[in-house]
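Trainee: Model the full structure from these sequences, guided by the hints.
This is what each chain is made of:
Number of protein chains: 2
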Amino acid sequence: MFKIRVLVTALALISSISVASAWKALPTVAPAPANNPTTEEKVELGKMLYHDPRLSSTGTVSCASCHNTQLGGEDNRPNSMGVNGQTGGRSAPTVWNAAFNTVQFWDGRAASLEEQAAGPVTNPIEMGMKSWDDVVARLQTIDGYKLAFEQVFGKDAISKDNATKAIAAYERTLITPNSAYDKYVAGDKSALTAQQVRGMDTVQELGCTACHSGPAFNGPGLFQKFPAHSNASFAEKHHFKDDKGLAEVSKKPDDEHLWKVPTLRNIALTAPYFHNGAVKTLDEAVTIMAKLQLDKDLSKEQLADIVAFLNSLTGEFPKQKMPVLPATLGATFN
Amino acid sequence: MFKIRVLVTALALISSISVASAWKALPTVAPAPANNPTTEEKVELGKMLYHDPRLSSTGTVSCASCHNTQLGGEDNRPNSMGVNGQTGGRSAPTVWNAAFNTVQFWDGRAASLEEQAAGPVTNPIEMGMKSWDDVVARLQTIDGYKLAFEQVFGKDAISKDNATKAIAAYERTLITPNSAYDKYVAGDKSALTAQQVRGMDTVQELGCTACHSGPAFNGPGLFQKFPAHSNASFAEKHHFKDDKGLAEVSKKPDDEHLWKVPTLRNIALTAPYFHNGAVKTLDEAVTIMAKLQLDKDLSKEQLADIVAFLNSLTGEFPKQKMPVLPATLGATFN
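Respectively, the protein sequence lines represent chains Z and H. In terms of this note's numbering, the first sequence has 45 at position 38, counting the first letter as 1, and numbering is strictly consecutive. In terms of this note's numbering, the second sequence has 24 at position 17, counting the first letter as 1, and numbering is strictly consecutive.
Because the hints were derived from the structure by calculation, they are not lab data. Warning: the hint list may mix true and false statements.
Copies of one chain are not kept apart here, so a pair can be met inside one copy or by any two copies together.
As the list claims (entries may be wrong) - Derived DSS-like pairs (lysine-lysine); straight-line CA-CA distance at most 27 angstroms:
(1) K287 x K307
(2) K287 x K303
(3) K307 x K244
(4) K31 x K303
(5) K248 x K232
(6) K153 x K328
(7) K258 x K244
(8) K196 x K307
(9) K153 x K287
(10) K232 x K251
(11) K248 x K298
(12) K137 x K287
(13) K167 x K153
(14) K326 x K190
Mentor: This is the structure we're talking about:
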């Protein structure tokens, strides 16, 4: 009897180790770089900057406009709308759990949240500021920001570097743990339905996890080619190949159609899908991914199971206080 | 001795009654109409709707985009920017303390917050929805809203009427009490500086309070003519007469250049000024008001005193939780 017990315990251990290695719960704290430790005051400043439309030329577009912290971390639009109603060619990635991306932007051209945060502010079709010098000059007219930067970074500290550090520190707190999946992985076997467990198995068997692995389902590699397999009807219908991905920045032919592997966390909330936001439903997105990346046609049951599993990745959104933005006194936007 | 005490007490009473009638602190609760009592759940639903950009055609403009609850209740722009980067001719009035307006919109064409809330959603240059039927249809695709409306209003309750009631109920909570002025009126004589007290007296002596009276400085009448006196240089420079105010709606010549008396609460935060947002600083706005409404030229000291007093009207902004908006599943905006 004792021997049997030991054996059962040993098997359970092995089994739980194996599960632990393949399926990971989302950490509740994101690691911060050595030169930008996360502090409460910095997060508060970053939250203000993140939600402040005065970081755009027109005073109408904040980081949160396209990466909405009250929704799934993006805007549910195929392409975001920047200043003066302009739109680009890519769909806003979610800010939730972006702290767990190894690279940022769809094309992965930024190595950190800090680097990413600097980009949209001066992008002419996003937030439209002429330069970070102009952003800094504007922030310097707002007494509340002078004080807040001083409290976090010291005297006369309003700068691009510090503003993006604060925004990144805030973004590191935008984590959505305790999804049904996370509870299941933590041992609550009732957290997933039988269909969701089948979907979880199917995702692994089909090979989705070759790219979508790790706690945020966005690892282990930095980039993947999309589409990996050619399928004329899908590719043409959705114009997936119009945008060359990383090669648009690097200009290297080898980088053509290389993309960051996006997280699957909260994917039920972030339609429409793909880098160009061309696909409206999760069912169609999964069908396309199976065909274009794995060259597989899913059965109706497989598709339903996978989508059920993906729905289990919707996490708990932290309750946030609304920032009270420091006032502009007497200034205006033209 | 006793007689003197009685006399002093009596004088103090008369004095405090006189102060109480002329200068009023802001109520901390706004009265609600009988058919729309304020409840916690309704306020929560209204807060969600107020901040939800999916109430606009493009999914990019919410009530809060132009009437920003993280700032002074508006957008610090001369004219707000609606869907697709469009702008109109008027400056967004603040939502803070709008509950204490007797009429709504610059031209006072709405008699209640409920009526006001219906307008911008289907205005083609503001939120751009084709009709409230379209808004209701969109909300019905969002399960979280179906549930929230049901909890507040009963089954199958998503409607224009209930949505605007919820938004109005939320707006009735957007009150900014405890300004330095309010503390002063409540008896804390150290709450205002000597200059602010001089400004307070000047405001009354000059006659500003003929229109800007009551706790929100926006009564007692519904409408006033602006400009009341003609001054070619001011009027032309700022194009004040291009917009005919209430007459644009009523088409009656008697209503030309009639406007709602706007609140002075938080006015330091809500530049630029006037119905068309043509004036960038509070100093210039006060100078213009004295000239165009009272036909008076202010001394440098009078101007500085009045502006100092107006700065005492900035209240305490309630700490709000950020709403978590119910998710759109698989839908999109084109």
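Trainee: At most 27 angstroms between C-alpha atoms: does K258 with K244 qualify within a copy, between copies, both, or neither?
Mentor: Only inside one copy: K258 and K244 sit 25 angstroms apart there, 52 angstroms across copies, limit 27 angstroms.
Trainee: Within a copy, between copies, both or neither: which one fits K248 and K232 at a CA-CA cutoff of 27 angstroms?
Mentor: within (11 angstroms within a copy, 60 angstroms between copies)
Trainee: As a check of your reading, is K232 near K251 (CA-CA no more than 27 angstroms) within one copy, between copies, both or neither?
Mentor: So K232 and K251 pass the 27 angstroms test inside one copy only (10 angstroms; across, 60 angstroms).
Trainee: Using 27 angstroms as the alpha carbon limit, work out where K248 and K298 are close: within a copy, between copies, both or neither.
Mentor: within (15 angstroms within a copy, 63 angstroms between copies)
Trainee: How would you label the pair K287, K307 (within, between, both, or neither) given a Cα cut-off of 27 angstroms?
Mentor: Close inside one copy (18 angstroms), not across copies (62 angstroms); limit 27 angstroms.
Trainee: Is the C-alpha distance from K167 to K153 at most 27 angstroms within one copy, between copies, in both cases, or in neither?
Mentor: Within one copy, since 14 angstroms is at most 27 angstroms while 43 angstroms is not.
Trainee: Tell me, please, which holds for K153 and K287 at an alpha-carbon limit of 27 angstroms: within, between, both or neither?
Mentor: Cα proximity of K153 and K287: across copies only (21 angstroms, versus 43 angstroms in one copy).
Trainee: How would you classify K196 and K307 at a CA-CA limit of 27 angstroms: within, between, both, or neither?
Mentor: Cα proximity of K196 and K307: one copy only (25 angstroms, versus 75 angstroms across).
Trainee: At most 27 angstroms between CA atoms: does that hold for K307 and K244 within a copy, between copies, both, or neither?
Mentor: Cα proximity of K307 and K244: one copy only (22 angstroms, versus 68 angstroms across).
Trainee: For the identical chains here, do K287 and K303 meet the 27 angstroms Cα criterion within one copy, between copies, both, or neither?
Mentor: Answer is within: at 21 angstroms inside a copy they meet the 27 angstroms cutoff, but 62 angstroms across does not.
Trainee: State whether the alpha carbon distance between K326 and K190 is at most 27 angstroms within one copy, between copies, both, or neither.
Mentor: For K326 and K190, only the intra-copy Cα distance (19 angstroms) is at most 27 angstroms; the inter-copy one is 32 angstroms.
Trainee: I want to check one pair: K153 and K328. Are their C-alpha atoms no more than 27 angstroms apart within a copy, between two copies, both, or neither?
Mentor: Both: 21 angstroms inside a copy, 25 angstroms across copies.
Of the numbered hints stated above, none is contradicted by the structure.
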